[in-house]
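**Q** Based on the provided sequences and hints, a complete structural model is requested.
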Amino acid sequence: MQKKITAGIHRRKLHGLTDPRVVPYVLVTPFLIFFAVVYLYPLISTIIMSFQKISSGRNTTFIGFKNYARLNTRDFWMALQTTGRYAVWDVIVLTIVPLLIATVLNSGLAKGTNFFKSLFFIPSLTSIIVAGIVFRLAFGTLETATANRVLTFFGMEPVKWLSYAGPANFVLILLTLWRWNGVNIVYYLSGLQSIPKDQYEAAQIDGANAIQSFLHVTLPGLKPVLIYVITITVLGGFSMFTESVALWQQKNGGGVGRTIVGYMYMVGFDRNDFGMASAIGIVLLLLVLVVNLIQLILMGFFKKEDQ
Amino acid sequence: MKKIVALLLALTLVLCSVSAVVAEAAEPVKLTFWTFQDLHINLYQAMLDKWNADPARTPLEIDFQPYPFEDMHTMLNMAIDAGEGLPDIVDIEIGKFANYLGDNIVLAPMNEYVEPIADHLVMARLNNYAKDGKYYGIDHHIGATVMFYNAKLLEDAGIDYTAIQTWDDFHEAGKVFLEKTGKPMITFETTDCWSLYPMVNQHGGDWLTADNQVRMDEEVVINTMKFMQEMLNDGTAIPTPGGMSHMEEYYGWMDQGGCAAICMPFWYLDRFVNFMPDLAGCMKIAPMPTWADGGHKSAQMGGTGTAVIASSPNVELAKEFVAYVGLTVDGCITTWKTCGYDPILKDVYGTPEMQETNKFFEFYGQDLFAVLQTVLDDIPDTCLTAYYPAATDIVKSQMAYRLIELKEDPETIAKECAEELRGQIE
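The listed protein sequences derive, respectively, from chains A and B. First residue of the first sequence: 1, per the working numbering; consecutive thereafter. First residue of the second sequence: 308, per the working numbering; consecutive thereafter.
If you are wondering where the hints come from, they were derived from the structure by calculation, not from laboratory data. Please read these numbers as outputs of a predicted model, since none were measured by experiment. No incorrect hints appear here.
As a list, the in silico BS3-like pairs of lysine-lysine whose alpha-carbon atoms are at most 30 Å apart:
| id | chain 1 | residue 1 | chain 2 | residue 2 |
| --- | --- | --- | --- | --- |
| 1 | B | K722 | A | K160 |
| 2 | A | K53 | B | K441 |
| 3 | A | K66 | B | K438 |
| 4 | B | K533 | A | K160 |
| 5 | B | K487 | A | K160 |
**A** Here's what the structure looks like:
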């Protein structure tokens with residue numbers, strides 16, 4: 001009798017939503033619905049649109065790869081260059097600088113650690129548009145602009161910061177560093193604090209100096225955080241838009257400040273050419289996918305823990 | 308008893324009149340107006356008050372909905388795609404107007420108001436908003452390009468700006484000015500098209516033809532570019548500080564007497580008054596210098612077409628009201644008074660109301676319309692096809708920048724830009 005009842009309960013469990021084999025799916029359903037509506041549907045629809053000529057909303061015709069062929073323009077390559085240049089420097093600067101600062105803050109060598117933590121974090125709370133306007137005025141064309149005053153004070157020639165690719169990229173990176181440095185420091189600090197102290201002690205006993213313990217204890221211990229920071233920095237670098245709009249207000253002489261996303265926006269909303277804009281979006285997607293995959297493979301993300 | 312009857316009668320009368328008032332007040336037809344231009348709200352509000360004061364007209368109530376420039380056009384696209392949520396009246400920027408003149412036109416033609424007075428209007432303006440002989444938008448200004456001279460700076464250098472007739476005269480005057488003051492004569496925009504396009508257009512060139520043939524690499528365009536580069540090479544012209552003439556940097560620099568002239572549409576009047584107040588009394592306007600080898604006296608630049616949505620339940624009334632604001636003498640005079648625009652109805656120039664002194668007359672200290680009237684008869688059309696946004700984008704991002712900032716060879720730039728534009732046209 002007892003056996004029968006248990007079996008009955010067991011059978012019922014198997015068929016209900018509480019079945020251990022069903023539960024995981026029930027729990028992820030809200031996410032799956034959200035993913036399907038907000039990511040999957042637009043993605044598929046963008047892929048379809050990239051093969052269409054869209055004259056007005058529902059009025060569409062398939063035109064094969066023509067939208068992709070039309071991408072072979074100087075404007076597109078310039079946008080690609082601008083984005084590429086920015087993404088590379090973005091990853092280099094935004095990985096290394098916050099790492100060094102976080103290490104110093106964590107080492108206990110510096111005084112007023114908490115004060116500096118908040119100081120570095122404050123910029124990320126400001127509006128990027130406001131910050132962009134301040135940067136735009138500070139790095140103006142005229143000799144009287146703040147940055148040029150500093151240069152001329154040291155006897156250097158004034159620079160037209162936002163008119164040429166090199167200096168323009170410098171200003172963009174500076175703005176990004178100023179704004180995101182604090183956030184990355186927080187990531188690194190949480191990673192650093194999870195590295196056991198005894199590893200450092202062991203290294204010290206083995207006679208390792210500060211640099212050696214940084215390279216052989218800190219860096220390997222930070223690997224998961226590093227992978228995360230680099231991945232989001234790569235993504236952020238390729239999809240950057242707001243910073244360039246704040247600095248150039250979509251006025252892009254020579255395309256020095258126009259990123260791929262900026263170009264996509266312009267083609268979509270200014271030219272009302274959503275077919276070509278979709279093609280740009282797909283190219284950007286593939287580009288980011290490839291770059292991120294390479295980076296993750298290089299960093300050993302797909303290797304099993306024990307290997 | 309009599310008193311009571313009288314009282315009742317009076318009461319009934321009062322009640323009747325109250326109900327009549329209530330009925331009338333409830334009657335105004337409601338229209339929605341989307342705009343990105345605050346000045347237009349002032350104009351339409353002023354004209355709405357006049358309209359409603361006229362008992363012969365159906366009273367109107369307008370819900371003005373101002374939005375940022377890009378957002379409003381995006382919303383309009385979405386509403387057109389969805390087929391609902393459209394306003395009754397909408398402002399569409401000139402560069403974007405062609406986007407709405409495709410296969411599926413949702414705007415209502417205004418021909419019955421435009422055609423009877425066509426001779427009195429600057430039709431080159433309305434042609435920007437027309438397709439197949441139908442006029443879909445009413446512009447509130449001509450945007451005739453003129454020269455703004457800092458007459459005081461020029462006078463100090465011994466130059467009489469009124470003697471400048473051709474672009475060659477202008478260049479020569481620039482050389483004298485540079486030698487005496489060390490300052491450039493004029494600035495050319497590197498990130499926008501407000502220097503290159505008016506000069507090319509006045510010279511007789513354009514980016515496209517009506518059937519989307521690219522004209523960017525024509526002789527006249529290249530010659531204009533060469534002339535600009537000659538001025539840049541000897542220092543009589545420099546790239547505009549900040550890249551374009553609507554930047555804080557430029558305003559500050561120009562306000563301190565940075566250079567002697569700027570070539571801009573008439574609506575730029577207002578920028579000097581508002582953003583460069585130290586130049587009061589120094590600035591004068593004059594017609595653009597002309598080209599020795601032909602061309603026109605001016606060029607029409609910028610603009611906004613106010614259009615009525617054809618599916619609006621009150622389409623006829625909305626059209627009548629837009630025409631009342633844009634195409635009547637009263638409306639055009641109000642346009643000048645509230646916005647400082649050069650109205651498109653030629654009849655208003657010379658009327659006493661247009662001569663009444665205001666902040667613009669005080670600032671420039673001259674008869675602004677006398678200058679304007681000398682060029683009104685010779686303003687070329689601009690070709691704003693569906694590929695105009697693509698063309699201006701190439702001009703802004705490459706042509707102007709490579710010509711003025713990088714000083715590359717004009718012929719190469721023109722050829723490459725034209726090729727690029729051809730690649731965009733299907």
